[in-house]
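Please put together the full structure from these sequences, using the hints given.
4 protein chains.
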Amino acid sequence: MSAPPPDSDRRFVLTLGCPDQIGIVARISTFIAELGGSIVEAGYHSDPVTGWFFTRQAVRASSIPLGVDEFRSRFRDVAMQLGPETDWALSDTGTLKRIVLLVSKEPHCLHDLLGRAAGGELPATIEAVIGNHADLASVVEAHGVKFHHVPFPRDPDERGPAFGRIRELVDSHEPDAVVLARFMQVLPPDLCAHWKGRALNIHHSFLPSFVGAKPYHQAFARGVKLIGATCHYVTPELDAGPILEQDVIRVDHADEVRDFVRQGRDIEKLVLARGLRWHLEDRVLVHGGKTVVFS
Amino acid sequence: MSAPPPDSDRRFVLTLGCPDQIGIVARISTFIAELGGSIVEAGYHSDPVTGWFFTRQAVRASSIPLGVDEFRSRFRDVAMQLGPETDWALSDTGTLKRIVLLVSKEPHCLHDLLGRAAGGELPATIEAVIGNHADLASVVEAHGVKFHHVPFPRDPDERGPAFGRIRELVDSHEPDAVVLARFMQVLPPDLCAHWKGRALNIHHSFLPSFVGAKPYHQAFARGVKLIGATCHYVTPELDAGPILEQDVIRVDHADEVRDFVRQGRDIEKLVLARGLRWHLEDRVLVHGGKTVVFS
Amino acid sequence: MSAPPPDSDRRFVLTLGCPDQIGIVARISTFIAELGGSIVEAGYHSDPVTGWFFTRQAVRASSIPLGVDEFRSRFRDVAMQLGPETDWALSDTGTLKRIVLLVSKEPHCLHDLLGRAAGGELPATIEAVIGNHADLASVVEAHGVKFHHVPFPRDPDERGPAFGRIRELVDSHEPDAVVLARFMQVLPPDLCAHWKGRALNIHHSFLPSFVGAKPYHQAFARGVKLIGATCHYVTPELDAGPILEQDVIRVDHADEVRDFVRQGRDIEKLVLARGLRWHLEDRVLVHGGKTVVFS
Amino acid sequence: MSAPPPDSDRRFVLTLGCPDQIGIVARISTFIAELGGSIVEAGYHSDPVTGWFFTRQAVRASSIPLGVDEFRSRFRDVAMQLGPETDWALSDTGTLKRIVLLVSKEPHCLHDLLGRAAGGELPATIEAVIGNHADLASVVEAHGVKFHHVPFPRDPDERGPAFGRIRELVDSHEPDAVVLARFMQVLPPDLCAHWKGRALNIHHSFLPSFVGAKPYHQAFARGVKLIGATCHYVTPELDAGPILEQDVIRVDHADEVRDFVRQGRDIEKLVLARGLRWHLEDRVLVHGGKTVVFS
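Protein chains in written order, with my numbering: chain B, 165 to 459; chain R, 165 to 459; chain P, 165 to 459; chain H, 165 to 459.
The set of hints was computed from the structure by calculation and includes no laboratory data. Given the structure is predicted, the values throughout are model-derived calculations rather than measurements. Some clues are possibly wrong.
The list cannot tell twin chains apart, which means a pair is met if one copy fits it or any two copies do.
Unchecked claim - In silico DSSO-like pairs for lysine-lysine, Cα to Cα no more than 30 Å straight-line:
| no. | residue 1 | residue 2 |
| --- | --- | --- |
| 1 | Lys310 | Lys269 |
| 2 | Lys454 | Lys378 |
| 3 | Lys310 | Lys454 |
| 4 | Lys360 | Lys310 |
| 5 | Lys261 | Lys360 |
As structure tokens, this is what we get:
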């Protein structure tokens, strides 16, 4: 069962991106030091191509004599000094994040995430699972999670109301992550925009190879020697969102498409789980269609 | 230095592809057993999609009371019984194979292959290296290998004579493998046809991603989390030939294009060396645009 | 849900080891060809160190006009001609194999195998799960599998009756595989002997490094840069049985022991699942403390 | 050819370890910011087990109006404020580092490093190569590098003078790295002490498995499914020094010891090259027998 960390492990996590300039780290770290904050983990990245600076800092919550709201409020001044484009957030690991899963019939990513949640591996609770088929309802409910069945009409042009219902259900949980766990449906542009930066998909190929449908069939036809999976943020352009994580697994001439499918599941599960964990731990900053991952 | 194996390691290597049918293995293995042949290594593959059968068998040469020519001549009957489409070859590892390398300015694949040849790792001799630039001549000659400089005119339309000269030089060595070791030039269709099944290229991406020029720049722009390399047979369609081997290496947001280039070299060297060794050891059978690799 | 394969995928799987000699393949393949048998997959290995020969052959069941018992009975003569030491078996994939799992409190390998069984990935049914703690009972039962709780006394010297009870429960299912899925208890020698070749363990280190207790703590203390997992057959000597599969995952200085534990789970699950599948598909032959795996 | 970087890529690299305390980053980054320094790359690590803090910061040299000596001299005050145990260094990538290689007969790591140096991949020059055999002299000299032959007497007890000569030769180059590139000789304790933190070895196993002689034979006997290589700092206890890097490669039952040796070379070369590059770029901090690698 997912539960907030013990107080000694509770962190305030600051993520920030801004135009690169002299003295950013000095300002941020001086601000934290003056509050007595103990920085447990820190990542920095200066991108010479975009001229952008990125940082993530995890501060031991118990070392700061402030609540997260007050900490956030005081940090606002520092952020403002770094310029109007500065994009930052401050989260508190003492508050568990919330996940909603969208699924269809393929069970492996769902099973994997339910198992990880049950094992306390995810810093989040799975609030609900929504399926356009009901096949996976029972295992979801056995884990004590609510399952919603939103059937889809055959005709793709008539799916508007179903997506509307999904939006309503998802939003009712105010999720930090909307995970398409082999959902197999293309989200309409309005949902992509509405859940921007929160909707994660797992695509069963090493993108940008084999965009779209039946990537394992495409990979088999081309005769590749490795197959892969890609976890990316959902954007209106299909399979083109910022990539959080990818990995591959070796195949050979003896493997048929069904072997690709079977072996690919293992890599899909791992890649989605890693990408999701990094997202939930605020390790991912997006800029210019690409991600910085402080893993 | 490459040298033929000691007599105890000498093998006759049979490779064969034919329409799948009952009793192929029985026929081949009975033929070999009746000659007293000791099969040291055997690979089989039935492809259910194409209905094609593939095998590679390595027989201890000293266990057969025949020379390779006589062995080959006797096997012809067995092959004919398997049908007119049967495609087979029989080689003798007692005769070292011959390699010609085509290079440009990038040294890493060349260095790597020269080092492997010097270390006795390749079952072949490097007969000559041909470069459209002369930069790499001295290291080639330090290894006691002949270097030919065939300069290319700027205008791609005027390169016919240079390619003609290369063809002449290459063919004078009757090579078993023509290796484009970061040659960076597209072979004209007639050379692709002429060296079909013998010309190997290393492409610095995980094909079919990032076909063509500057794949590391393309990979950087897309924000992938792994970069790769692909060893493939050269065909007229660019970067579309049958794939022998691929591998990848992890990159992250801190890596710039030049880091991709540097790290990519390691995977290019490995992938090319593996693919080339398999080719030289007659481990690769091509059918329908794909490879069977009995590695 | 695991179910026998459709008839077109049903195979008779022959595995055989014997002293290497001329003509083994010829005899076996001629025998199969004379019955009209279509060999779908074949692996061969001659070990020059031990002088032993190994093969695995999968024959399309529908191509043979015999049941498995009659096929087995006829093959006996072939096997006898290969010498008295010949060790062979013939199985029928039309009969699902049976697994019993032994668990303790760690859920991840159990969840993973239950998920794979539910997804039809394993050619076997999970007959029962036995735990020395009851923590995992509910998820087992939610999958429709029987859970037996056999509590262990604190004093290791008084565990004889508990192991006796486990032996009884396990044997009542006549399992093809007894899987120690993070069971965390050392089997007594009589059980190791009784289940020889059928009991698989997952050890959370890259053996032979870090034998015994708390391998992740040992790995952390040594400062290794990769951690691993090993699936091996259980033998009386601790963590010294024949290895079926191993894999590793990268760690770095920022990872604490608890991160090793978390990341290690992913590799434990994969390595156990791969080893178990190979075992169930009769891909593993053991000889001289080592395995031949026709994967 | 290795050459110092262009001025725009020149960096001052600060590495520092000290007892963890509030405000370290603030002090260091404020100091750098006040000089106008632009931090190009920064790594931080707090170790909760040892209570030690580590950082590496790369500052664009052209952004600081001081030479490296003056910068170092001013930083001394900051370091002193962090306590008397503080261990720090400041290097200038404008000055190429120096490497001396120790070799025996195995050529692959030597070839690989010479090739990398020739390709400009290493931020260092290879000053000299010393061999206890003369086999590799010619290739070294073809790269324009001095080769010293220091023959070893058969009797290990009489090698003192040879090691004395090696020490003299090595020290004459004031190297930043003394690389045992498959040197195959155990350094005497006084040399281990003298070159502490500068002598790197490549061991051909995944340590701590298979310490000492003939690790591939040991690995073959145990039947492992992956073989590895380890780059570590040399210490008086054999193969027990702090590990910089490790990696593995898959083997199977068909691989004999000589295949392990051949395939192992590829991973030895890569692991040594990575470890050496990190060492030369001041990415490695050693504490308590383990490394922090800001890679």
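Each hint, compared with the structure:
{"no.": "1", "hint": "Lys310 <-> Lys269", "verdict": "both (17 Å within a copy, 26 Å between copies)"}
{"no.": "2", "hint": "Lys454 <-> Lys378", "verdict": "both (25 Å within a copy, 19 Å between copies)"}
{"no.": "3", "hint": "Lys310 <-> Lys454", "verdict": "neither (34 Å within a copy, 47 Å between copies)"}
{"no.": "4", "hint": "Lys360 <-> Lys310", "verdict": "within (24 Å within a copy, 44 Å between copies)"}
{"no.": "5", "hint": "Lys261 <-> Lys360", "verdict": "within (17 Å within a copy, 47 Å between copies)"}
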